[in-house]
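Student: These protein sequence lines are chains D and B, in that order. In our numbering, each residue's number is its place in the first sequence (first place is 1) plus 268. In our numbering, each residue's number is its place in the second sequence (first place is 1) plus 5.
Please note: incorrect hints may appear among the correct ones.
Taking lysine to aspartate or glutamate and the EDC-like style, the derived pairs with C-alpha atoms no more than 20 Å apart in a straight line are [as the list claims (entries may be wrong)]:
#, chain 1, residue 1, chain 2, residue 2
1, D, K493, D, D316
2, D, K541, B, D136
3, D, K476, D, D309
4, B, K175, D, D514
5, B, K124, B, E112
6, B, K177, D, D514
7, D, K419, D, D514
8, B, K193, B, D69
Just so you know, these hints were derived from the structure itself, not from any lab.
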Amino acid sequence: MAAFHIEEADRPHMVRLLIIWVILSAIGIVAVLQINYPPYDQSIQGQDQASTLKLLTALATPVFIGVVMLIIYSAIYFRRTTPELVDGPPMLGNTPVQIAWVTISAILVLFLAVVGIATLSSENVAQLVGAPGRSIGGGQTGSGTTGEENKEIHVQVIAQQWYFTYRYPDYGGVETTHLYLPVNHPVELHVTSLDIIHSFWAYQLGVKADANPGVDNIFHVTPQKTGAFQVRCSELCGLWHGHMVDSQGQVVSQSDFDTWIAQQQTDFQTIAKAVPSYAPYYFPLPLVKGS
Amino acid sequence: MLRRVSFVAAGVVIVVVAMVAFVGLFMLPKPGPLAGPPTTLHLETVAAVGQALEWPRPNDPHPDWVGYLPTTTWTVPANSTIQVQIDQEDGATGLRNPFWGKVFGTEGGNMHVTFFDDKGNPQESDMTSIDPTQAAHTFAIPDLGVFVPLLGVNANAPAGSTNVITFSFKTKGPGRYRWQCFVPCAAKTIFGNGGPMSTIGYMGGTLIVT
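In isolation and in its complexed conformation, chain D is listed as follows (with noise of 0.2 Å):
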C-alpha cells in the first residue's frame, strides 16, 4: 500500500489549490443559493423541485469547481514548456486518496438518495403522481357550483394534433380551449389523448405527464400562486408539435374562476349535445379517414 504522500515540491501547490478551492466554493454555492429555479413556485409541487434542484446544485457546484480548477490550474502550471517530448513519473497509484475519494461519493451518493427518498415519500409527491384507480369514471358529473373548500377540482386535458383542450366534469364536462386554475385550490389532471402520443406539460406548475390515446393519465397539483402559465406538447407529435403551445394557461383566485367557468358553460351550450358524455378516454373512430 502506497502512502499518503506528496512531493516537497508539489505542497504549495496542493495549498494554494486547496485555498482556491474553499473561497471558490464559497462563493459558488452563495451563488447558485441566490438563483430562482424553474419551474419556480407558481405550485406547491413546482416548489419541491425547485427546492430539489437548488440542493443538487449546491452539492455539485465544489465538485465542478474542484474539476474545472484542477483543469486549469494543470494547463497553466504544469504544461510542458521544453520541445523535446519527456516522460513523468510513474503513477502507482495512491490508495489513501482512493479511500477519500470513494468514500465523499459515496457520501455524496448515499445523502442523495436519503434526500430523494424523502421527497418520493413526501406528501407533495404523493399528491402529484397519485395513485392508480382513482379515475372519476365516466358520465357527466358535478352541478356546476362551486367545489367545496379543500376538495379536488377534476380537469381533463385532451390532447389531439395539434392542440390541448380541457373538459371540467365538476362543471357539466364543460370543454375550453384554455386551462384556467383556481388558486389553492387542488387540482387532479386527467391527461389523455384523441390521436398519437402527446406529452402535456405545463412548465410552471411542474406538471408535465403523456397523454396516451386511450389511457387515463392522473395527476395532482395544487397551484399557489395567481399568474399566466405555459402549456406545451413535450413528445413530438407531428408537423406542428413545435408550435403546440399555449401561452394563455391562468392561475386565477376562486372568484376569478367561478366567473370564467359560468361563461365557459354558457359558450358551451351551442356544441354542448355533439360532445360526448365525459369519460376517462375516447376513441373516436374510424381511425383512418378522409374524404
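Since the structure of chain D is provided, determine the placement of chain B on it from the hints.
Tutor: Below, chain B without anything else, positioned relative to chain D:
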C-alpha cells in the same frame, strides 16, 4: 503566460458580449403598426388539388390530396380586420373532437354560410356551430384563438356545388402564426393526420402578419 491569459480573457469577454447582445436584441420590443383597412382573404378548399374549380393544380406532385388554394402562406397586416371567404368544395369527413364544431374567435362569434340542404336546395344562414359529423375542414389559427368549422357539401347538392363560408377576425401584432385543419381529412393515412395534413402547402401553412 500573461499573453495566454490575455487571450483567454479576451475570448471570455467576446463570448459574454455576444451573448448579452443576442439576448438583448431578442428582447427588444417592436411596436406593431396602426390598424389598417380590412383585408380580404379569398380561399378555396378542395378534396383534390388537381381538380379544384377555381385554382386547380393539375401538375401538383399530389393532385389527389386535399388542400387549401391558391396558397397556404397568407400575408396580412397587423392589428387589422381580415375578411375571409372560403369556397368549400369538399364533402364531409367529420371532426375527431366534436368540440371544434363550434365557431371561436370570429367577429360576432359566428360565420355566414351558403350551403345546400338535404334536398339539394340552396340555403344560407349565420351559424355559431355546425354538426361535427358534417365538417369537411376547419380554418384554425390557434394562436389567434380562431377556429372555424367548414361545412361539407351535402351529398344531395348539384354536381360542382360549393359552400361559401364568410367571416372576419382580427390580427394581433406582427409575427408568423401557424394555421391548420382539425378535421383528420388526409385519406389513407393513419388517424387521417398524415400526408396533406402534415405537409405545408396543403392543409397547413403560415399566416404572416406584417
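Student: Does each hint fit the structure? Answer for all of them.
Tutor: Comparing the hints with the structure gives:
no. : hint            : result
1   : D:K493 - D:D316 : 14 Å, holds
2   : D:K541 - B:D136 : 10 Å, holds
3   : D:K476 - D:D309 : 15 Å, holds
4   : B:K175 - D:D514 : 19 Å, holds
5   : B:K124 - B:E112 : 31 Å, violated
6   : B:K177 - D:D514 : 16 Å, holds
7   : D:K419 - D:D514 : 27 Å, violated
8   : B:K193 - B:D69  : 11 Å, holds
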